[in-house]
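2 protein chains.
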Amino acid sequence: MEVRVIPVLGLPIIQPGDDLAALTVEALSSAGLGVRDGDVFVFTHVVVSRSEGCLVDLGSVRPGARALEYAEITGKDPRLVEVVLREARAVRKIAPGVLITETRHGFVCANSGVDKSNVPGEEVVAPLPEDPDASARRIREGIEGLTGARVAVIVSDTFGRAHREGEVNMAIGSSGMGVLRDRRGERDLFGYVLRVKRTAVVDELAAAAELVIGQSGEGVPVALIRGYGFEGGGDGCVSELVRPRERDLFL
Amino acid sequence: MEVRVIPVLGLPIIQPGDDLAALTVEALSSAGLGVRDGDVFVFTHVVVSRSEGCLVDLGSVRPGARALEYAEITGKDPRLVEVVLREARAVRKIAPGVLITETRHGFVCANSGVDKSNVPGEEVVAPLPEDPDASARRIREGIEGLTGARVAVIVSDTFGRAHREGEVNMAIGSSGMGVLRDRRGERDLFGYVLRVKRTAVVDELAAAAELVIGQSGEGVPVALIRGYGFEGGGDGCVSELVRPRERDLFL
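Residue numbers (the numbering used here), protein chains in the order written: chain A, 1 to 251; chain B, 1 to 251.
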């Protein structure tokens, strides 16, 4: 079956306290689109952080000694480095222009995912939401409460990757669906039993969403993916995708 | 604009020598779908390898000393390890159950991408195509020659990632579009100039494709993505996505 990736257009600029679920349902309704069972919504993290008031004014930040030292090495704004370190449980790589951390959620990414773009005010940055899985759950419950449909919600951010150039959109929070599709035990065309195949479907959905988010400019912070038959009720969390350090071969 | 991810149904089981371009155009035509300017086709590598006769019968493989040694460590079939090593320019990580190599193309992945599933015959494996960018170009030229439409073609495989559980589909070959969308210099909603944003769009398209390839079982080796406004004629190659070792922070 065909899968449709639909940009959610007409959302206002999100402010702290805004109800993302209600605004999304309203925007879809204005566009003549309802919400259906099985719909997947992908939100960029910045609108989620903004709606939760998860913003930091760099003007109010006093960098500590470690931030000053790392700012020296990386050439980055010491106040930004201070915010990045507050969000990090470890620094993985540091070099001129590079500060790759392990966030308190366990994500390995540049600058703890602290984002400068699409935040109003030149000195304001948006860290990742406190608990992106909980953010996704809250938005999902909001959409389900308003529409009666059973949906899934993914919160996403664009991360770089080891070994490979360029960034891709990935899931940082999820609710309403299994995050991994476990295909071990399924048989292929020729009857061969698949042994290693656990697909990170929420990452693939996040990547698909950026085809319309990225294409239509930063004014589209939400995509609706329709026609993907996700599995698993339950409440799969992206935290399940975090590979524990002791099993991460690329430290 | 909406992006559609459409499974290409009704393809026969691909045999060495088969013309993938012609078979794909024919399958679409049977489904009442034409080919349009701007269409992106994503092929799983196994059908490409199979059409190119890029198959190895393990029965004919004599493992060398290094393969025997690595088979001992990993617990894998020594003949498979021999094929994996032939495809690799370096071994990145080795451990019980784990053999992560750098393929001769530069991809860092498990078992050099040598695939056992969806290959007829229990002892037959499919390495990655010799030159997946060239495979993509050949298929693209075939489709364009048959239809007159200007399209892009991506060859894909599912790879694991550092730091993160689960596999996602990624591009290993590409033709007809830019592989990275460079958004540096663009302005965001608030006029902030994006400084670091090069999106690996071919990887996002490959990931989106697996939403229909994975969903419909292994019988769907090709997806058509329609409505994505790709950039760049030119002939972007996935080889551009390979991060040179000296710039790969996670060796």
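A portion of the hints provided could be inaccurate.
As a list, the in silico DSS-like pairs of lysine-lysine whose alpha-carbon atoms are at most 30 Å apart [claimed, not checked]:
| hint | chain 1 | residue 1 | chain 2 | residue 2 |
| --- | --- | --- | --- | --- |
| 1 | A | 76 | B | 116 |
| 2 | B | 93 | A | 116 |
| 3 | B | 116 | A | 116 |
| 4 | A | 76 | B | 197 |
| 5 | A | 93 | B | 93 |
| 6 | A | 76 | B | 76 |
Listed next, the stretches of chain B that the computed footprint assigns to chain A, with coverage defined by at least 3 CB atoms under 8 Å from CB atoms of chain A [said to hold, decoys possible]:
| hint | region |
| --- | --- |
| 7 | 127 to 135 |
| 8 | 162 to 171 |
I should point out that these hints are in silico values taken from the structure, not numbers from a laboratory.
All C-beta atoms, glycine included, are put in the ideal place defined by N, C-alpha and C.
Results of checking the hints against the structure:
{"no.": "1", "hint": "A:76 x B:116", "in the structure": "violated (46 Å)"}
{"no.": "2", "hint": "B:93 x A:116", "in the structure": "violated (36 Å)"}
{"no.": "3", "hint": "B:116 x A:116", "in the structure": "violated (44 Å)"}
{"no.": "4", "hint": "A:76 x B:197", "in the structure": "holds (17 Å)"}
{"no.": "5", "hint": "A:93 x B:93", "in the structure": "holds (19 Å)"}
{"no.": "6", "hint": "A:76 x B:76", "in the structure": "violated (46 Å)"}
{"no.": "7", "hint": "127 to 135", "in the structure": "violated (count 0)"}
{"no.": "8", "hint": "162 to 171", "in the structure": "holds (count 9)"}
Violated hints, listed in ascending order, are 1, 2, 3, 6, 7; each of the other numbered hints is respected by the structure.
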